[in-house]
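*Asks:* Single-letter residue listing:
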Amino acid sequence: MGGAPVTAAPSAATVPPITEDPAPAGRGRRPRLGGRFAGGASSRWFPYALVFPLALILFGYVVQPMFATFAESVGVDGVANYTEFLRGEGVARSSLLTSLGISAASVLLCGIVGVAMAFLLKRFQFPGRRLIEAIILVPAALPPLIGAISFQLLYSETGILPRGLQQLFGTESPVLPFTGIAGVLVVHTFTMYPFFYLAASAALAGMDPSVEEAAYNLGAGRVRVWRTVLLPMLTPALVSASLLVFMTSLASYTAPLLFGVDRTMTMQIYINRTNGDLPMASTYASVLAVVSILFLLAMRWYEGRRSYRSQSKGIAAHRREITNPFGKWAALAASILATVVLLAPVGTIALVAFSADGSWTTEVIPSAYTGQNFVTIFSDPRAFQPILNSLQMSLIATVGCVVVGVLIAYAVRRLDFRGRALLDVAVMLAWALPGTVVAINLISAFSTGNVFSFGQVLIGTFWIMPLAYFVRFLPLVFRSSSATLAQIDPSLEEAARNLGASWWRAFGTVTLRLMVPGVAAGALLAFVNGVGEFVASVLIYTSQTAPISVEINNRMYSFEVGTAAAYGMLQVVLIFVVMVISGRLQSGRSASREAAKWTA
Amino acid sequence: MIDVTLESVSKRFARTGDTAAVDDVDISIAAGEFFTLLGPSGCGKTTTLRMVAGFYFPTSGRIRFGTEDVTRRPPNKRDTGMVFQNYALFPHMSVAQNVAYGLKIRRVGRAESRRRVEEALGQVHLAGYGERRIDQLSGGQQQRVALARALVIRPRTLLLDEPLSNLDAKLREETRTEIRRIQKESGNTAIYVTHDQAEAMAMSDRIAVMESGRVQQIGAPQEIYHRPANAFVARFIGRSNVLSLPVTAVTDETVTVGLPDGAETAVAAPVGHGLRAGEAALVSVRPEHIGLTSTTEPGALPGRITELEFTGMATNLVVDVAGEPVQVAAIDVPAGIAVGDQIGLRLNRERMWVVHP
Ligand SMILES: Nc1ncnc2c1ncn2[C@@H]1O[C@H](COP(=O)(O)OP(=O)(O)OP(=O)(O)O)[C@@H](O)[C@H]1O
Ligand SMILES: [Mg+2]
Chain R
1 MGGAPVTAAP
11 SAATVPPITE
21 DPAPAGRGRR
31 PRLGGRFAGG
41 ASSRWFPYAL
51 VFPLALILFG
61 YVVQPMFATF
71 AESVGVDGVA
81 NYTEFLRGEG
91 VARSSLLTSL
101 GISAASVLLC
111 GIVGVAMAFL
121 LKRFQFPGRR
131 LIEAIILVPA
141 ALPPLIGAIS
151 FQLLYSETGI
161 LPRGLQQLFG
171 TESPVLPFTG
181 IAGVLVVHTF
191 TMYPFFYLAA
201 SAALAGMDPS
211 VEEAAYNLGA
221 GRVRVWRTVL
231 LPMLTPALVS
241 ASLLVFMTSL
251 ASYTAPLLFG
261 VDRTMTMQIY
271 INRTNGDLPM
281 ASTYASVLAV
291 VSILFLLAMR
301 WYEGRRSYRS
311 QSKGIAAHRR
321 EITNPFGKWA
331 ALAASILATV
341 VLLAPVGTIA
351 LVAFSADGSW
361 TTEVIPSAYT
371 GQNFVTIFSD
381 PRAFQPILNS
391 LQMSLIATVG
401 CVVVGVLIAY
411 AVRRLDFRGR
421 ALLDVAVMLA
431 WALPGTVVAI
441 NLISAFSTGN
451 VFSFGQVLIG
461 TFWIMPLAYF
471 VRFLPLVFRS
481 SSATLAQIDP
491 SLEEAARNLG
501 ASWWRAFGTV
511 TLRLMVPGVA
521 AGALLAFVNG
531 VGEFVASVLI
541 YTSQTAPISV
551 EINNRMYSFE
561 VGTAAAYGML
571 QVVLIFVVMV
581 ISGRLQSGRS
591 ASREAAKWTA
Chain H
1 MIDVTLESVS
11 KRFARTGDTA
21 AVDDVDISIA
31 AGEFFTLLGP
41 SGCGKTTTLR
51 MVAGFYFPTS
61 GRIRFGTEDV
71 TRRPPNKRDT
81 GMVFQNYALF
91 PHMSVAQNVA
101 YGLKIRRVGR
111 AESRRRVEEA
121 LGQVHLAGYG
131 ERRIDQLSGG
141 QQQRVALARA
151 LVIRPRTLLL
161 DEPLSNLDAK
171 LREETRTEIR
181 RIQKESGNTA
191 IYVTHDQAEA
201 MAMSDRIAVM
211 ESGRVQQIGA
221 PQEIYHRPAN
231 AFVARFIGRS
241 NVLSLPVTAV
251 TDETVTVGLP
261 DGAETAVAAP
271 VGHGLRAGEA
281 ALVSVRPEHI
291 GLTSTTEPGA
301 LPGRITELEF
311 TGMATNLVVD
321 VAGEPVQVAA
331 IDVPAGIAVG
341 DQIGLRLNRE
351 RMWVVHP
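Protein sequence lines correspond, in order, to chains R and H. In terms of my numbering, the first sequence opens at residue 1 and continues consecutively. In terms of my numbering, the second sequence opens at residue 1 and continues consecutively.
Bound-form chain R, shown alone (with noise of 0.2 Å):
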């Protein structure tokens, strides 16, 4: 607008305009820091305040220990180790195809068993089907050293399975066994399908059904549907799912334990340290933690760009009911072998749990039953000290985990400063490395004291574990603080601040007031996280700090499998009573959601 707007103000007073920048208020009234730090969060120092100590600690549990593994590894003979990867017969490089290849092969096999349960449990109906949806996860949520043990148990050479049906059959040598990479398979296939099974349900929980039923009455067929429709709309959750996956597998360090194949790149790095080879345990560790971080940017390139969510909300498409009569049975069958297959894995566990000590050698199941085990764990100090270890170091690192962890998705969600990316990169970086990376980066770390360590030789003391878990367990805390906040309109903070509240008030009464289910979901995945972790501490514990998935291992080792099995299922039923405690919090937060969806 030219011209001259008459500013009609009766009684404005014409005031020179200040065009330089204005001082912080209280100039001369108040010392200048005190001025500074005044304006709480909406002081430019402030977001730098609080980031400050929180990249710190990032910087020097999660970035610092990486590059002391990188120059672990170079240290002694320079790039020589890394030149093993190029040699064509040598161990690093099958190794490191084997993982990758192993990779690959569990993203097929758990997108194809994970988009079929998907499609079949969201679009049809029949008898089961709820009790199915309800156990689906259960496999999953064993923690791994369990769940692997339980498949060995199930499906291996010794396993129930295969003598069952060589005893059916009246065979030489047991029946379909699961060995070596095949066995690792099974373990990934039903612990890891969950990804392609949460990923393809919600996208068709999200999904239009009138774009696929817009598709059928253009003369579309069923598969042209499926081809031109369904799966592109599918394809960003099955990319997603896919890195996932493929991550996790390459992570995964208790099936090929389990299952003895040693040419993995996670075995590598165990049995280099455990001959005591830091240095290429580390060039392993390095080599690993680069594709891992290489798979996080791809899928954080992928998450950035847009996926396809239908505009409508829409009604759920309806469920098929299935009709034909041979298929209502072949339907039943199929979830009734779904359902022990689901379950079996906590059944031998449970089982076994109570099976003597030795008593179980070339039977199908064991032959002699006994509540002693557990009696050996209550009543024996020795016995119990492994799940006081876990307790406690799990303990420490979830309190850790929630005090960092809120603060991060705060300053990430919240909070305008320069390099926020980097931190919400730093945080996802403690996830993305695997569990054995995250322990040679410690002990390449704190092997010397260091700035972070307080000067300190951590290795071999009991802080270096909780710090391990700590690191590991950080981004559960952050992501679902970070995603409750999402949820919490900002100006309801801003709201406080205009009521009076300081920021630290207003942080406390409302914003983390609200976020208390979300971080107490995320707080308890830590600690029950903590209880089961197992691929962090084999490499890092000590005899006094044995937490219980060593212990497990260890009596593996030394043939109780009986008492291995009754620890697992400690676990397990922590497990369990967690769980529904989560759910109890997960409807609570769905109330404050819908408070929130009214205040909106």
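Be aware that a few hints might be false.
Unchecked claim - Part of the chain H face toward chain R, derived, beta carbon under 8 Å:
no., residue
1, 20
2, 90
3, 101
4, 201
What the hints assert, rightly or not - One-sided and incomplete, this derived list gives chain H residues near chain R with beta-carbon spacing under 7 Å:
no., residue
5, 53
6, 65
7, 66
8, 67
9, 82
10, 102
11, 105
12, 225
13, 226
Because the hints were derived from the structure by calculation, they are not lab data. Where is the CB? At the ideal position from N, CA and C, for every residue including glycine.
We have chain R already, so just place chain H with the ligands on it with the hints.
*Replies:* Relative to chain R, chain H with the ligands alone:
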């Protein structure tokens, strides 16, 4: 007494770079005044209000409360009571706890606090709702809780950011009289943000019309309506016709312009209009200040009806006068007129007004 002053306030957001969300705004608001920021979406109303509340700091310029410079004072030290567009009620607190939040921070004693909460809830006609959960209230009730929460701390300035935008039409009108009543009773200064001009007209002592981050005009509702400062204000408020007409003669307070039919008329103009004979003047004529008549009547502007829309109280027409579409809102419409008819327009020359471009 001046309560709130904005002196050459500008705000540039780091991410949007050069364009200023608020550009060199000068406003001074008297104590007890009900002052409205009015303008189309994205013109910088919210940004201005948030700078007064302390959620943003200006890139340049000063904000004063009375004589105190509060430009960089944090929001919790400003003593303003803000009613958020989405209410921003704390979902984990009851109605009474929401209202008492600010009192608790001010360390008001429990008995006193309870009394004031009751009083504030009474003011917004929600007495007895104290124990309700927020999600058990309707949208209008939530809006009133937000108002009570802002009022109860007796802020020096009440800030309202489109507080009625989530309500249905009837509730809007009820609530706006309510807000005005409560503001008068409490004697607070109020700064109100809206893009609804009827709301602004009905409630305000004075209105600042904003566009693209700049203040276009500040004045009382009548002034803004009848004496718009420029073509934007004229068109934005009441969809005025702005006709470009040749100037034949000028005085300090009038401009004589030629009408399309060749007749001439003197039109009131702002002092210092700076127009000279031979130039073109922009003349604002409101749709309701145009009457319909026959083409034969002397002094009538002939035109052809191109659009016709019956809205109940009035009939809105668009009449093509020598190629210029002219909006007309007529209460009395000759029977049987239809699109395509020739019709005469009778401009109310007293109500015409010269505006700046
Ligand atoms: N935090 C921000 N970062 C960058 N740009 C912003 C930010 N907030 C507002 N803007 C920009 O500043 C301009 C003014 O925004 P503002 O919210 O003040 O508009 P408004 O007049 O309140 O509009 P509405 O009526 O739609 O609420 C807009 O162009 C907007 O995009
Ligand atoms: Mg706004």
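*Asks:* Take the hints in turn and mark each one as holding or not.
*Replies:* Consistency of the hints with the structure:
no.	hint	result
1	20	violated, 13 Å
2	90	holds, 6 Å
3	101	holds, 5 Å
4	201	violated, 16 Å
5	53	holds, 6 Å
6	65	violated, 11 Å
7	66	violated, 13 Å
8	67	violated, 11 Å
9	82	holds, 4 Å
10	102	holds, 3 Å
11	105	holds, 4 Å
12	225	violated, 13 Å
13	226	violated, 12 Å
Checked against the numbered hints above, the structure breaks hints 1, 4, 6, 7, 8, 12 and 13 and satisfies the rest.
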